[in-house]
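Last residue of the sequence shown: 139 in our numbering, with the numbers rising by one and none dropped.
These aren't lab readings, by the way, just hints derived from the structure by calculation. Just so you know, even glycine gets a beta-carbon here, dropped at the ideal spot from N, CA and C. You may find that some hints are simply not true.
Distance windows between CB atoms, simulated [to be verified]: (1) Met2 to Cys41: 24 to 34 Å; (2) Val79 to Gln23: 14 to 24 Å; (3) Gln23 to Ala64: 13 to 23 Å; (4) Gly46 to Thr97: 29 to 39 Å; (5) Pro133 to Glu63: 31 to 41 Å; (6) Gly29 to Arg107: 17 to 27 Å.
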Amino acid sequence: MLYALAISSNQNRAHWTRIAMQHLSGMGKCQFSNIYQIPCRQAKGADYFNLAALLESTLSFEALNDKLKQLETQSGRVRPSHDIPLDIDIIAYGETVDNLQLVASRLPLPFDATKPLSELWQECPINPESMPFQVVSL
Numbered sequence: 002m003l004y005a006l007a008i009s010s011n012q013n014r015a016h017w018t019r020i021a022m023q024h025l026s027g028m029g030k031c032q033f034s035n036i037y038q039i040p041c042r043q044a045k046g047a048d049y050f051n052l053a054a055l056l057e058s059t060l061s062f063e064a065l066n067d068k069l070k071q072l073e074t075q076s077g078r079v080r081p082s083h084d085i086p087l088d089i090d091i092i093a094y095g096e097t098v099d100n101l102q103l104v105a106s107r108l109p110l111p112f113d114a115t116k117p118l119s120e121l122w123q124e125c126p127i128n129p130e131s132m133p134f135q136v137v138s139l
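Assemble the whole structure, with the sequences as input and the hints as a guide.
So this is what it looks like as structure tokens:
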């Protein structure tokens, strides 16, 4: 199964972004977008590092989602909060990039998800809203 993932962090951003990339790479074949620094949507928290991944994995949707939520918990994520060490969401899934189906509960997709996802998935629905951003390196 191919999964399109949105990854973000606004606490110890470089550290948790690296950790997420390492863990995802261990779950299957993984391709990553550039990393974008984008302001918090509600302007109540620190700027985020946002990126996307396409993960090809034998894990079921439920098993992958469980692993992602466990990783978030290990990062110290507390809900609700604007201080987010790590957030990883499954945005879409399918057999190939050409037939990815959006996860309805994630709609509408925010700019901070669509900007990086559109690098990897040309059919990603684009959010017409724009925010300031810059590409960053770890």
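Q | 29 to 39 Å as the expected CB spacing between Thr97 and Gly46, which holds or is violated | A | The hinted range 29 to 39 Å holds for Gly46 and Thr97, with Cβ atoms some 36 Å apart.
**Q.** Gly29 paired with Arg107, Cβ distance criterion 17 to 27 Å
**A.** holds, 20 Å
Q: Hint says 14 to 24 Å; check whether the CB-CB distance for Val79 and Gln23 agrees.
A: holds, 23 Å
Q: With respect to the beta-carbon atoms only, verify the hint that Met2 and Cys41 lie 24 to 34 Å apart.
A: holds, 31 Å
(Q) Range first: 31 to 41 Å. Now tell me if the beta carbons of Pro133 and Glu63 are that far apart. (A) At roughly 36 Å between Cβ atoms, Glu63 and Pro133 fall inside 31 to 41 Å, so the hint holds.
Q.
Between the beta carbons of Gln23 and Ala64, is the distance compatible with 13 to 23 Å?
A. holds, 19 Å
Figure legend: structure checked against the earlier numbered hints; every hint is met.
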